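Participant: If you want the building blocks of each chain, they are given just below.
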Amino acid sequence: MSDTLDHSGLPDDELLAAELALGVLEAAERTAAERRAARDHGFAQLVDEWEQRLAPWAAEIAEVAPPPQLWDRISGDLPEASGPGLWHNLTFWRGLSFAAGALAAACLAALIYVGTLTQQQPLVATIEGGGHRHFVATVDSGRGTVAIVPAGFSSDATRVPELWLIPPDGRPRALGLLRADQTVVLTLPPDLAAFAKSNAVLAVSLEPPGGSTTGLPTGPVIATGKLTSL
Amino acid sequence: MDLDSNRSLIAAALGRIPAGDRAALQTVYRLTSAKLFGVCLRILGERAEAEDVLQEVYVTVWRKAADFDASRASPMTWLIALARNRSIDRLRASRVSRNVDPIDSAAEVADMATPADSALVSVQEHARLHGCLDGLASHERAALRGAFFDGNTYEDLAKRMNVPLGTMKSWIRRAMIKLKACLEQ
Chain A
6 MSDTLDHSGL PDDELLAAEL ALGVLEAAER TAAERRAARD HGFAQLVDEW EQRLAPWAAE
66 IAEVAPPPQL WDRISGDLPE ASGPGLWHNL TFWRGLSFAA GALAAACLAA LIYVGTLTQQ
126 QPLVATIEGG GHRHFVATVD SGRGTVAIVP AGFSSDATRV PELWLIPPDG RPRALGLLRA
186 DQTVVLTLPP DLAAFAKSNA VLAVSLEPPG GSTTGLPTGP VIATGKLTSL
Chain B
30 MDLDSNRSLI AAALGRIPAG DRAALQTVYR LTSAKLFGVC LRILGERAEA EDVLQEVYVT
90 VWRKAADFDA SRASPMTWLI ALARNRSIDR LRASRVSRNV DPIDSAAEVA DMATPADSAL
150 VSVQEHARLH GCLDGLASHE RAALRGAFFD GNTYEDLAKR MNVPLGTMKS WIRRAMIKLK
210 ACLEQ
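Going down the list, the sequences are from chains A and B. As numbered in the working numbering, residues 6 to 235 make up the first sequence, in order. As numbered in the working numbering, residues 30 to 214 make up the second sequence, in order.
Where hints are given, some of them may not hold.
Claimed, not checked - Listed below are the simulated DSBU-like cross-link pairs for lysine-lysine, each with C-alpha atoms no more than 35 Å apart in a straight line:
id: 1; chain 1: B; residue 1: Lys188; chain 2: B; residue 2: Lys198
id: 2; chain 1: B; residue 1: Lys207; chain 2: B; residue 2: Lys93
id: 3; chain 1: A; residue 1: Lys202; chain 2: B; residue 2: Lys198
id: 4; chain 1: B; residue 1: Lys198; chain 2: B; residue 2: Lys209
id: 5; chain 1: B; residue 1: Lys209; chain 2: B; residue 2: Lys188
id: 6; chain 1: B; residue 1: Lys188; chain 2: A; residue 2: Lys231
As the list claims (entries may be wrong) - Anything over 10 Å on all C-beta distances counts as not near chain B; from chain A, calculated:
id: 7; residue: Arg35
id: 8; residue: Ala60
id: 9; residue: Pro84
id: 10; residue: Pro173
id: 11; residue: Arg178
id: 12; residue: Val206
id: 13; residue: Gly216
id: 14; residue: Ile227
None of these hints come from the bench; they were simulated from the model. Computed from a predicted model, the values in this text were never measured in an experiment. We put the beta carbon where it would ideally sit given N, CA and C, even for glycine.
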């Protein structure tokens with residue numbers, strides 16, 4: 006299309022990518038462009054770039070809470086298996102090698118701790134956020150304790166890390182404050198011990214010194230991890 | 030929660046979804062569903078349609094989370110684009126009601142420039158985009174707004190602004206190249 010350059014000065018592909026990202030194409034042209042993006046990596050990249058240019062505009066759109074039952078609909082609509090699994094997830098391995106040094110040290114410390122555990126099978130969680138592994142947690146169900154080893158967590162002068170257990174009901178329960186410089190062993194309150202099992206989530210939020218006083222995280226949740234059997 | 034914490038939390042949760050972690054999807058949902066529902070509702074205009082599309086969006090997130098590359102895009106950019114694309118696909122497929130009221134670009138002085146939130150979308154990125162949009166002619170900006178917020182096609186926009194289709198295409202194309210040049214400065 007020789008007239009395209011006269012109109013815009015953009016190459017045809019880039020123009021089509023912009024039109025797809027903006028959303029001005031009619032149904033048939035749009036479907037064709039979407040199919041092309043699915044098989045042509047270079048074109049898909051141009052579409053991504055346009056989406057990134059335009060996305061900040063969405064800041065002007067006010068948030069609207071969806072109806073509470075919508076999550077149940079979504080949850081019931083999920084196919085069992087998703088994608089190729091963590092083992093094949095390149096991002097996971099890239100992240101892992103990035104944090105490998107600190108993590109190896111933390112795992113070693115956690116393993117030494119595991120050596121002292123009672124008979125029951127220990128549960129571990131790598132607590133990560135923002136592409137970094139911050140802590141490694143080990144739960145000793147027999148003793149009702151959780152040991153948290155700092156992996157790559159750097160503290161902040163004004164806030165302290167607080168550990169939360171998030172059972173399947175989604176409501177965080179406070180477990181205690183953590184340290185950036187040493188392993189902390191926390192006792193699980195008896196009413197929470199039953200929740201500290203496989204697939205429960207541990208989360209770390211940043212709280213004012215002394216921890217949250219509301220019973221829920223008041224600062225940002227910076228890292229989370231799921232308990233799994235070792 | 031602030032922007033950076035939210036972004037890293039969302040990116041970390043997206044990273045756990047390919048392993049089949051439903052709690053991670055729920056975390057993404059909890060943090061982003063109000064924003065994405067706002068986007069779907071803005072484009073589709075009807076709650077029932079917007080709910081259906083939002084459901085599709087999160088099922089797609091579950092299936093395609095492995096495609097999200099944190100080194101290339103922010104998680105919100107990826108999610109917002111997904112919500113917009115699915116909403117526009119729905120509009121094109123069903124031709125449900127959408128905003129086709131006439132646009133008078135000369136009268137559009139009260140171009141909304143205030144971000145509705147700063148917890149998920151960067152105020153700086155919004156201000157930068159807005160600075161570049163302000164550099165466009167008012168008819169170009171009005172046409173882009175109609176496309177972005179109302180999901181309008183070239184044809185819808187030509188009707189709304191009462192110009193021939195060819196004119197609308199050149200307005201949008203010119204506006205896009207100006208926008209790109211400005212954002213790359």
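Participant: Please verify that the nearest CB of chain B lies beyond 10 Å from proline 84(A)'s CB.
Facilitator: The claim breaks: proline 84(A) does not keep its Cβ more than 10 Å from every Cβ of chain B (closest is about 7 Å).
Participant: Between the alpha carbons of lysine 188(B) and lysine 198(B), is the straight-line distance 35 Å or under?
Facilitator: Holds. Lysine 188(B) to lysine 198(B) sits at ~12 Å (cutoff 35 Å).
Participant: Please settle this one: alanine 60(A) was flagged as non-interface, so is its CB more than 10 Å from every CB on chain B?
Facilitator: violated (4 Å)
Participant: Hinted pair, alpha-carbon criterion (35 Å max): lysine 207(B), lysine 93(B). Please report holds or violated.
Facilitator: Distance of about 33 Å is within 35 Å: holds.
Participant: For proline 173(A), which was marked as not at the interface, is the minimum beta-carbon distance to chain B over 10 Å?
Facilitator: Proline 173(A) not clear of chain B: closest Cβ-Cβ about 8 Å, inside 10 Å.
Participant: Is the straight-line distance between the alpha-carbon of lysine 209(B) and that of lysine 188(B) 35 Å or less?
Facilitator: holds (26 Å)
Participant: Is lysine 202(A) within 35 Å of lysine 198(B), Cα to Cα?
Facilitator: violated (59 Å)
Participant: Under the criterion that the straight-line Cα-Cα distance not exceed 35 Å, is the pair lysine 188(B), lysine 231(A) satisfied?
Facilitator: violated (53 Å)
Participant: What's the verdict on lysine 198(B) and lysine 209(B), does the C-alpha distance respect the 35 Å limit or exceed it?
Facilitator: holds (17 Å)
Participant: Over 10 Å from every CB of chain B: does isoleucine 227(A) meet that, or does the non-interface label fail?
Facilitator: Label violated. Min Cβ-Cβ 6 Å, cutoff 10 Å.
Participant: For arginine 35(A), which was marked as not at the interface, is the minimum beta-carbon distance to chain B over 10 Å?
Facilitator: violated (6 Å)
Participant: Regarding the assertion that glycine 216(A) does not contact chain B, is the least Cβ-Cβ distance greater than 10 Å?
Facilitator: holds (17 Å)
Checked against the numbered hints above, the structure breaks hints 3, 6, 7, 8, 9, 10, 12 and 14 and satisfies the rest.
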